[in-house]
Amino acid sequence: MIRALLAVALRDLRIAVRRPAETLVGAVFFALALSLFPLGVGASPDVLTRIGAGVIWVLALFAVLLSLERMFQGDFEDGSLELLVLSPEPLELLVLGKCLAHWLTSGLLLVLVSPLLAVLMALPAEALWVLPVALVLGTPTLTLIGAIGAALMLGSRRGTATMALLVLPLYIPVLVFGVSAVDGYLLGLGGGTQLLVLGAMLMVALALAPFATAAALRLAFA
Amino acid sequence: MRFEAHDLACVRGGRPVFARLDFALAPGDALWLRGPNGAGKSSLLLILAGLLPPAAGILRWEGTPVDPRSPEFRARFHFVGHRDGATAALTVRENLAFQAALVGGAGDVETALAAFDLAPLAERPARHLSSGQRRRLALARLLLTPRPLWLLDEPGVGLDASSRARLEALLRDHRAAGGICIVASHGDVALDDPLVLDFGAAA
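For the record, the sequence lines run as chains G and Y. The numbers in my numbering rise by one with no breaks, and the one at position 169 of the first sequence is 169. The numbers in my numbering rise by one with no breaks, and the one at position 61 of the second sequence is 61.
Heads up, a few of these hints could be off.
[Stated by the list, open to error] In silico contact screen, one side only, chain Y against chain G (beta carbon under 7 angstroms); selected entries:
| no. | residue |
| --- | --- |
| 1 | L51 |
| 2 | P71 |
| 3 | F98 |
Source of the hints: derived by calculation from the structure; they are not laboratory data. For glycine and all other residues, C-beta sits at the position ideal for the given N, C-alpha and C.
Throw the hints in and build the complete structure from the sequences for me.
Okay, structure coming up:
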């Protein structure tokens, strides 16, 4: 069973490596959109520091959202999704394999560039570790919740906009706790509790989202 | 090993496609689904593969009712539908190796490559295959692991004469070994004395 999960993850990673333009679009959007903020609101460090964590998190949500479409759409069109659904292996595990690959090629890239962007937003030195830690705990949840939306929108034209409406409200808890964890540390209040809540949300998503996604995928063929 | 359907009915988009459909197949049997476009041949195959829930009816394997969505039943059949299931960015060999991991247990990629003479194309990305070659790749899946029931939806589409001959030989071998085939086609793939299920006119 684990072998099948890894086979799915490795396959998706291989595809991602062979289509770098598609894979990197989320991370590049993240960095590019963020670099517009100092231009838009002015380079005054007080303003940037105050809004920094919030802006970075909101853009992280959008970056993940951008990459969700490729999660199942290609497989649905070429018929590989049929193979996943028809496999005797549990579909929930295969979905988890796809989520793992998706996170490694979307969320993880955001985590890696985030210290650089923290500097750009004039966040204090402490943010250089808090922000990546919060993103490491938060972005997998975004992938797992997003997978449900991506699976539900299969087969409908112009799915991306509808998917955003479906998924963004579910992203709010991650956004709230992600921002307050970073801001807590920056204001000297500590954000350990918020980080724990982010971790708890990840655990819940890990346990429940694969079942919802698998159910949605089965519906896509009926 | 007997595979039976009793009183199957199918409704799609609120429209009845077929009803009261029965068949009973013994080892070595082939069932030829025949009829015009839209008559329900593909829908029946989707139902048998568990991708579409039937509106009514029951399937039996060895006399006991089975749910086509159960993992036990999924390990008993191969389904090759309209979509080839070839990922464009992966090579022919990588595609088959991935499918071998999905069929559970050890899939035999080399046998599958040899079956439709895909070995010379093994390292070619599926995106560079012609539609007939992609079809051969889809059919090669049948040889990854032996399974008793083959569900094939228009398997001959796009195949050249020699590939079609290979497919017909494989179907004969499969039946000789006690397998069952259910094939929807417009007669381009020859089956030796098949049972025929006629879907009549399109609704």
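Each hint tested on the structure:
At about 4 angstroms, the closest approach between the beta carbon of L51/Y and any beta carbon in chain G falls short of 7 angstroms, and the interface hint on this residue holds. For P71/Y, the interface hint holds, the least distance from its beta-carbon to any beta-carbon of chain G being 4 angstroms, beneath 7 angstroms. Hint status for F98/Y relative to chain G: holds, with the closest Cβ pair at about 5 angstroms, below 7 angstroms.
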